[in-house]
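If you read the sequences in order, they're chains A and B. For what it's worth, my numbering labels the leading residue of the first sequence as 1350, then goes sequentially. For what it's worth, my numbering labels the leading residue of the second sequence as 13, then goes sequentially.
Rather than coming from a laboratory, the hints here were simulated on the basis of the structure. Where a beta carbon is used, it is the ideal one built from N, C-alpha and C, also for glycine. It cannot be assumed that every hint is accurate.
[As the list claims (entries may be wrong)] Computed from the model, here is a short list of chain A residues facing chain B with C-beta under 10 angstroms: (1) K1955; (2) D1962; (3) G1964.
[Claimed, not checked] Result set (BS3-like, lysine-lysine): computed pairs, CA atoms no more than 30 angstroms apart in a straight line: (4) A/K1359 with B/K128; (5) B/K97 with B/K128; (6) A/K1804 with A/K1886; (7) A/K1940 with A/K1955; (8) A/K1987 with B/K128; (9) A/K1359 with B/K166; (10) A/K1767 with A/K2002; (11) A/K2004 with B/K44.
[Stated by the list, open to error] Take a look, some chain A residues computed to stay more than 10 angstroms from chain B by CB distance: (12) N1351; (13) G1504; (14) V1738; (15) K1750; (16) E1936; (17) D2045; (18) K2047.
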Amino acid sequence: MNKKISTSIKRVDAGIKTGGAARYIGDIPFDGLLYGKIVRSSRARAIIKSVSVPALPEGYYYIDAKDIPSGGRNRIEMIKDDWPVFADEHVRFIGETIGLLVGPDRKELNRLRDEVKVEYEDLTPVFSIEEAEALKGGPIHGEDNTYADYRLQKGDPDAAFAKAARVIEDTIRTGFQEHIYMEPQGVVAKTEDDGKLGILFSGQCPFYVRHAVSATMGLAEDQVRVQQVVTGGAFGGKEHYPDVISTPLAVAARKIGKPIGLFFDRVEDISFTPKRHPSVTRFKTALDEAGNIIGMDIDVRIDAGAYESCSMVVLQRAIFSVNSVYNIPNVKIRGRAFATNNVPSDAYRGFGAPQGLFAMESHMSHLARAINVDELKLKQQYLLKQGDVTVTNGRIHEEVKLPEIIQRIDDMSGYSKKLKEHTPGSWKGIGISLFNHGSGFTGNGEQEIIKGVVKMRKRADGLVDLLVSNVEMGQGLQTTFRKIAAMVLELPVDSVIYNDPNTDLVPDSGPTCASRSIAVVGYLVQEAAKKLKDRWKESDIVEVRQQYEPPEGLIPWDQENLQGDAYPSYGWGANVIEVEVDPLTYEVTTKGIWAVHDVGVAIDEKVVEGQVDGGIIQALGYGSLEKLEVKEGRFQQKTMADYTIPTTMDFPKIKSALVDNPYEYGPFGAKGAGELVFDGAAAAFADAVQMAINGDVKQIPVTPEYIMEVREDGNN
Amino acid sequence: MATINFSINGTSHAIDTDPLRRLLDILREDLKLTGVKEGCGEGECGACSVLKDGVLVNSCMIPIGTCEGSEIITPEGLRETVQGKAIIDAYGESGAVQCGFCTPGMMMATEALLRKNPSPTEGEAREALSGNLCRCTGYDMIIDGVLKAAERGKGLW
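Same shape as in the complex, but just chain B (with noise of 0.2 angstroms):
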């Protein structure tokens, strides 16, 4: 057992545990940030993705243990954020949500891509979110909603 000291969508805690614990069950059965979804447990789907000191992770792969002093960002935070807003609207608009299990990731993905590079290509919209699988859309809609939200929310990132 281990106390790790770490912000979740701005707020601090304190959480005494094994520190080997994955973040993503930490994030979905301790805090009950259930926005996190976990759909293959290898970091292969990229349905679990938060942001970790700004950076998209795997939330499935995270020990506890290494996120001592990190901010963590979920889809429950950034859904609250204009930037968040933003995304969320411009993947509405552009037919990017059927099932949804993945899009809370594919959304966090999106907030990744456009802080690094706020207006990306169709081709650089794609590998940003090559880490993130989904089964019903064949992808298109959703590289529409990450340039419409760019195009949209200019100024924004």
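Isolated chain A (complex conformation) (with noise of 0.2 angstroms):
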């Protein structure tokens, strides 16, 4: 450990947080404040026919398509821009913006949105992967209804099935999720003082909005100004979707002259917004007389929802993400995302690599059942080392402390003893999941079109600027990026200014997402920071410039093929959980959680500690008690009463600890974490209730009911 970093302070927002001084987006005053109600489609696939709406009182608005200025768009420039700021002739989910009601009471708002009658045609809707596969109703996206179709392939998979001595096939399902950050999505829209469009919202890609509306609006990017503020946790759910409101909220905006503001409620907001994509995903495993693994055949498909927006993104770190930690000789991998009539699916947490994690974690567990071996060391006889050729033909650069994270969770959790302890079957059970989770953007993301800059300033007061677009949203930002330029700097902390960016104020350095914030951005602070630091006695003010350089050595990323090294580094963990399940109720207890994690060197040990218990908990809910289901395109949970997320009494105190592997390109050795910590506990709890059960677990959440049906249906 490095003492001097890794040694926690006080975050720096703690105080102002507690208290309820802090101002998130709801508790800004706006003069002459206007608000704004999104007029929703009622339809999944239908044409719009017409569109007609009440006579309004005087000082309300309906504004729609028509009203984008001549240079602009109707369409959210994203990763993809398929998806219309308000709907074309046609509706794809049910929540498609088709218009925006304005005015100043919210009331009165939601009485007009009732009378706005909107005529549609219907077609044949799609609600789920199968009957997306299936072109039920005519292809919906392409010719294929995917979106993205990707195939892999390492070794030789065909000459090791043809000499298998024994096939197993699996097929793993995961659920919607629902991010249920506290704070409902919130943006505010308004003319500035200079004549800019202004922008203020609760996010984390402040660059994202800000290119989303300039498109939308035919505006230069320089005339539209985007203030990121205090925000009440993202979590992925506020990568993009901003982009989302923010675009028709800057089209009234500018029409009306007025300040607007758009506050989800949240019910509006489950019901609405996106989630973690659904995925299934098939296996068959290829082994040899004595039970080696000598191949995998595995099949990803994910239900991206109406509009493609970074499906394809999150379809690359599922399938890059789906043989875990193992190193397999021969694989083949194909991967969709399909396009559907549900609610786009986007970032979430994680973003494709909790599914194609707990599929192989998974699946790696059945094999261990089928074959009669013991779990962990069946994992064991596979795990990644140094050198070793990745699913997309790169390399493990880094050396990989797996057999070290092994033993201290074994150490710590009792694993092995409590293994022999608990027969299968005895309603008591010990999980076990290992997994790994790349640093920043997937393939070239970083040099090609990231391009992050960090710009650090001394000023004459001898206090100085930070000035990058990443953003608070609650992991800790504002202490540890802070920490990262004053250890250099050798200054307090309180020297660094480091404000919520502004788009006017600060450089590009990227968005807050991809675990890169610290890994990526961070070592760009570093780096910074050492300039500034050789020039400090230049004079009074000094400004200097870091821009983002690959890391040297690494095998060049094929963007059309998907070929070479996927990530720069990697986080790596082990989870272990223990479980009692109820016989008569099939209630799941939890009875103790341990995780040990090697995210580099730790920027701050509390800060670390706190993503890792909020991650675990978070990645609990998923597997245990989240129960988000699609009917006919609409949720059918969508309140915080019946969409259930841990409260403090679901789970235990958890026990964590860190392995150091100080990374050469994080700042300090630091890599990525807010992902990593997400990404196994699902996989491990699934694992205890099938040992407690003694039958295979095959989808989460692992609800009562479901584990009902694996105890009627024997062996599923």
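Dock chain one against chain two, each of which comes alone in its own frame, and use the hints as you go.
Spelled out as structure tokens, the structure:
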């Protein structure tokens, strides 16, 4: 451990937040603020025949695609631009934006919204991966309903299958997950004093919003000023979605000339904002006579919903993660992201990796049960090591400390000992998962798309401005970024000024996502601070700039064929979970949670531990409680009463530890942590349950109802 | 319309309003006390927690008409007291704060607990905060914060 950097300090934002003085978007006063209310599609797949708007009282407005200024576009420019700001002649999911009502009174807006009459011509909608693959009702996207269809191959899988003594098939399913950031979505748009279009928002990526809004409005990017404000949680749910709501709001604000706020209530937020992609992963695994794994054939399918948004990148991470931490010699993988008429799926902490890792960890446990060998021993036989080939025919460049991680978690949890004590089917079980997570954008995203820049400025008063576009959203960046800069500059932490980013004042250091803020941008902060330190005495005011350059020694990325090093470095981890299952009600009680992670070096141990605790509990919600069903394109759970996230009472205290493994191109040796800590708990939980009930668990969430099914089906 | 007389953080107020309006809206919109947050609007998440006559309530579920003669304490009031300061310090030292949207409500729930039970066990602290949801922390460090406040602030409650 690097004691100097890792030793915790008090978070800089703790006091102001606890006392209620921090101002979130809904807390900021604006003179003459009007409110927006979205008029939404009630149909999943239909042609809009007509929209009839009631007579509007004075001071009320209805805004739609016709109000987009000339030179602008009715498209939301995200990674793809298939999602329209206002529905074109088609609607493709229930809740899609048709128009925006604006006015001073929110109750009156609700009344007016209910009076807007939309006439539709219904088409046959598609609500599942299976229906999409069967092209029910004719294709809704392209010819085959896939946004992306990727194939990877490593080694010679066909030869492996040709000589297999046995092939084991397995299908693993994961469900939707809703982010439940505690603060619902909120944006304000207004014309600024200098004539620029101003957007203030709760979210992760100020420059994404600027790009989307300027493209919709037909404005130069520097004519849009985006200010991120204190953000009450995001988890990926505020990565792209703020673009979806700030674009129609910008159109309205420009036309009406007054500040307008769009604030979701919880029901609206759960019902219509994107979720984690559901997945179905089918394995065929070839074993030789001795039970060694000689090949795998894996088919990954995800439900991407009605617009592509970032789903192809989520799919990439899912298929790159679907061998988990194992070096399987011969593998073929197919991955497809399907268009459906469900609410579009989008970024959620882990970004495809949790689905891929859950599938592979579950499959490895099923293989161990099928061939009657110890699960951990089977896994240990295939652990990735430094120099090994990945599924994209890249390499693992760093030392892999999984043996140390496994030893440590066994010591902490007593896994091996307890495994002998609990016999399968004894209603007590213990489960283990191993996992890794690539830090930063997938493939060549950092150097080709993001090209992150950080600036740092010594001021005349001796303080230092840290100029970055990455945001504090709860993960502690206000504290950890300041620590990195201050430690290099040998200044007190409060000498580093780092405000919530404003796109007029900071360079584009990229979005706050993909576990990249510390691992990628934090390194730029460190290098900029070194430059500034060298030039400190040059003048009263000194400004330095640092741009991203890829680490040396990587295998170049081929985006066409998805070949090369998908990630320069990985975080690694193991989780152990112990459970008891009630033999009558099938309710599961979690008795113990253990976690060991390699995040390189912790920039602040308490911040990392907070990520570990929060990531694991969110993942246990995903694995056990958070059932989100879609019926005819409508989520059946839409309040916090029926979509239940973990409370203080659901899980015991987590015991966690870190294994040090400094990374050359991370600040003080740090790698990404925010998503890694989410990746393993669902699989460890499912593994523990399957031991307790002596039946294969093949889907999450593992609810009592599902356990009953497994029990009734025997070894399903 | 009705005139409701009540006190907020020790100051008397007489407000002419629809008695069915939510206490949450009176606090946030009329009085600009934005330390209370709206997380769900249906009494599930606790982000809008206040003390009403010493009892922890979700202000989104309280019609202002039921507040006649009541004493309401919001995060803005509590943070100025020695007890509130002790909780804020303990939360900060324990790592209890991440995005912070639930935290003022957690502080109110902690105050309500410590008034009744100045030295709670971990289990008692978990139970007392079970009506307040947090999506960031996994709760362990919030519970540490409650126990640290109790220990450090011994004698304050």
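Each hint tested on the structure:
1. K1955: holds, 4 angstroms
2. D1962: holds, 3 angstroms
3. G1964: holds, 8 angstroms
4. A/K1359 with B/K128: holds, 29 angstroms
5. B/K97 with B/K128: Status holds; Cα separation ~18 angstroms.
6. A/K1804 with A/K1886: holds, 18 angstroms
7. A/K1940 with A/K1955: Satisfied, since the Cα-Cα distance of roughly 24 angstroms is no more than 30 angstroms.
8. A/K1987 with B/K128: Between A/K1987 and B/K128 the Cα gap is close to 35 angstroms, so the pair fails against 30 angstroms, i.e. violated.
9. A/K1359 with B/K166: holds, 22 angstroms
10. A/K1767 with A/K2002: holds, 19 angstroms
11. A/K2004 with B/K44: Given that 30 angstroms is the threshold and the Cα spacing comes to 41 angstroms, the pair is violated.
12. N1351: holds, 19 angstroms
13. G1504: For A/G1504, whose nearest Cβ neighbour in chain B is about 40 angstroms away, the distance exceeds 10 angstroms, so it holds.
14. V1738: holds, 36 angstroms
15. K1750: At about 24 angstroms from chain B, A/K1750 clears the 10 angstroms cut-off, so the statement holds.
16. E1936: holds, 17 angstroms
17. D2045: The claim holds: A/D2045 sits with its nearest Cβ about 28 angstroms from chain B, beyond 10 angstroms.
18. K2047: holds, 26 angstroms
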